[in-house]
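Read off the chains here:
Protein chains: 2
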Amino acid sequence: MSTNRTEINQLGEFGLINRIREQVTLTSENIIKGIGDDAAVFTPTTGKKMVMSTDTLTEGVHFDLTYTPLKHLGYKAVMVNLSDIYAMNAEARYITASISFSNRFPVEAIDELYEGILLACKMYKVDLVGGDTTSSLSGLTIGITAVGEVDENKVTYRNGAKEGDLLVVSGDVGSAYIGLQLLEREKSVFKANDKIQPDLEGFDYVLERILKPEARKDIVKLLADMEVTPTSMIDVSDGLASEAIHICQESKLGVDIYEDKLPIDPKTVLTAQDFNLPATTIALSGGEDYELLFTVKQSDYEKVKGNPHLTVIGHMKDKGAGMNLVTRDGKSTPLTAQGWDAFLNKED
Amino acid sequence: MSTNRTEINQLGEFGLINRIREQVTLTSENIIKGIGDDAAVFTPTTGKKMVMSTDTLTEGVHFDLTYTPLKHLGYKAVMVNLSDIYAMNAEARYITASISFSNRFPVEAIDELYEGILLACKMYKVDLVGGDTTSSLSGLTIGITAVGEVDENKVTYRNGAKEGDLLVVSGDVGSAYIGLQLLEREKSVFKANDKIQPDLEGFDYVLERILKPEARKDIVKLLADMEVTPTSMIDVSDGLASEAIHICQESKLGVDIYEDKLPIDPKTVLTAQDFNLPATTIALSGGEDYELLFTVKQSDYEKVKGNPHLTVIGHMKDKGAGMNLVTRDGKSTPLTAQGWDAFLNKED
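The listed protein sequences derive, respectively, from chains A and B.
Note that the first sequence covers residues 25 to 372 in this note's numbering.
Note that the second sequence covers residues 25 to 372 in this note's numbering.
Simulated from the structure, these hints should not be mistaken for laboratory data.
Any given hint could turn out to be false.
Treat identical chains as interchangeable: a pair holds within one or across any two.
[Said to hold, decoys possible] Mimicking EDC-like on lysine to aspartate or glutamate, the simulated pairs with C-alpha atoms at most 20 Å apart in a straight line are:
id	residue 1	residue 2
1	245	283
2	245	232
3	72	53
4	245	280
5	276	46
6	72	176
7	329	298
8	276	228
9	186	251
10	241	46
11	245	225
12	343	173
13	321	238
14	285	53
15	72	175
16	276	31
17	321	53
18	329	353
19	72	173
20	276	88
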């Protein structure tokens with residue numbers, strides 16, 4: 025953070041909006057009006073369906089500013105939302121950002137937050153078209169709404185899986201949770217003795233997974249290039265097991281997930297051991313992975329199997345078969361959603 | 025509020041989402057998927073432009089729960105956003121709602137809030153297609169994003185006013201501010217002596233203006249029926265003067281506003297006197313009126329002049345003439361924006 029501190033009330037709301045407006049470069053030719061009027065105006069692409077999603081990150085619940093850089097937080101807030109758009113097999117196009125913050129935050133802090141938001145927009149070719157900045161009595165809240173577009177025959181819901189379909193997940197799972205455990209551990213150490221500097225060397229990957237995740241836009245493109253349209257899809261925000269259960273419930277099916285197929289980063293496995301946490305549980309219930317979990321027809325197996333970004337982890341069964349994890353020793357155990365729930369995990 | 029108290033963590037986030045989902049009846053045939061997937065999916069109306077706006081209400085900054093019923097608050101949160109859509113001369117179609125709240129709120133309170141949101145949707149023929157419910161460490165925050173549609177030749181910006189255009193405002197202004205003063209006064213009285221019951225009889229109109237405002241959808245329809253397309257438009261949320269200044273600045277013009285033309289409800293004038301507040305200042309700077317302020321060509325004067333919902337309050341001038349209030353005694357005084365700014369009016 026810069027050493028200068030400018031109080032927000034030196035600028036006022038309009039001053040702040042103008043400051044943000046000046047930093048925004050619009051890229052889409054479909055935008056007729058971005059920030060600066062009562063509403064943004066854009067032209068929907070002819071023949072496309074629109075998708076729309078919203079998600080809010082709240083201080084003390086979704087993030088801890090003692091170890092979260094504001095620029096990363098802005099970036100992540102956008103990712104969390106784009107992930108939902110990609111989970112519809114859609115292309116993200118526009119976002120609005122609503123930020124509430126107390127007077128503990130100077131203008132420089134809000135600048136950093138927007139730097140992250142705008143970097144995310146640039147990297148993912150999405151335009152910030154509007155928003156709202158307002159004060160709060162305490163804490164920071166970031167609400168993003170994302171709008172995307174998709175061809176009708178490509179849009180993918182949670183309820184489209186069929187019996188026999190393969191269950192596929194992108195990337196790996198569990199690392200974000202391990203990253204969070206590391207940060208929490210170092211925070212405790214630092215609280216106990218503030219002369220001890222955090223020891224996080226060599227943990228870049230797991231830390232990036234929790235602090236600056238990437239939404240899987242590339243997977244939507246990959247699927248299109250491979251000419252695979254998933255039969256169902258969801259993003260992995262609350263934990264793989266919880267999301268698989270959503271697909272099963274919405275599609276009225278059961279599932280077998282194979283423990284030995286779960287894609288877990290080797291360092292995550294090792295670090296989980298240090299924490300005395302079973303890697304399988306973390307992979308299934310860790311949450312915040314922002315990977316895509318989807319089903320494809322068996323006939324798409326050849327297209328999917330060799331791809332380094334994709335792992336077939338199970339297959340869809342009749343509802344009566346239940347939702348199960350098949351463990352390494354071949355036993356079947358019911359899948360439980362111990363995924364992250366903002367209300368059940370509350371600290372206060 | 026009901027006497028039962030159900031804790032949120034008895035339901036969890038998914039339980040709460042399902043509870044809300046069950047209460048929603050979708051009305052638009054354009055909606056393919058509402059609440060219940062990663063994102064909502066809808067078909068844009070062929071040939072229309074889309075408009076999108078977002079606004080957040082924060083406890084302690086935008087509302088005080090000691091005198092704001094939660095149902096009214098939910099209703100108002102929607103109105104604040106629809107008002108922005110109507111200010112583009114557009115039709116509001118879809119909203120998402122993001123609610124953050126601490127564990128001081130039981131399920132019954134959240135039900136009341138959604139009752140208000142859904143009543144607003146019903147009254148204004150808008151569909152709730154998605155959202156997010158999450159916990160916060162303290163307080164209640166409601167973020168709404170609204171999407172609307174409009175014909176390209178009807179969309180109205182802040183920057184389209186021309187010299188000589190007439191400045192018109194719908195309804196009346198200043199009453200919401202007086203309603204707020206009354207509520208704050210009764211709150212102080214009650215704090216000093218909790219045996220004294222609030223004395224708010226006969227103040228229905230001003231109280232409704234602050235607690236349960238209506239967005240002016242009817243004005244958008246009226247203008248269409250009269251075949252008047254405003255040259256510029258903005259909604260009056262921060263105060264008439266502040267909004268007039270926005271139109272001037274964006275349109276690069278000046279303005280003369282006539283004090284004797286300002287539409288102020290008679291009871292508001294009387295109550296302002298009781299508070300020793302000048303009615304003109306309140307009308308210009310009170311804020312939260314959610315009326316529409318717009319400019320029309322002089323040739324539309326005959327269509328506008330006799331309408332009881334519309335008042336011509338001034339006309340647009342060259343930029344060099346400045347932005348002025350012409351007082352009752354014929355003197356010209358510079359217009360100042362003392363409108364409501366969340367950052368400058370902060371209590372803490």
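query = Can you list which hints this structure breaks, lowest number first?
reply = 1, 2, 4, 7, 8, 10, 11, 12, 13, 14, 16, 17, 18 and 20
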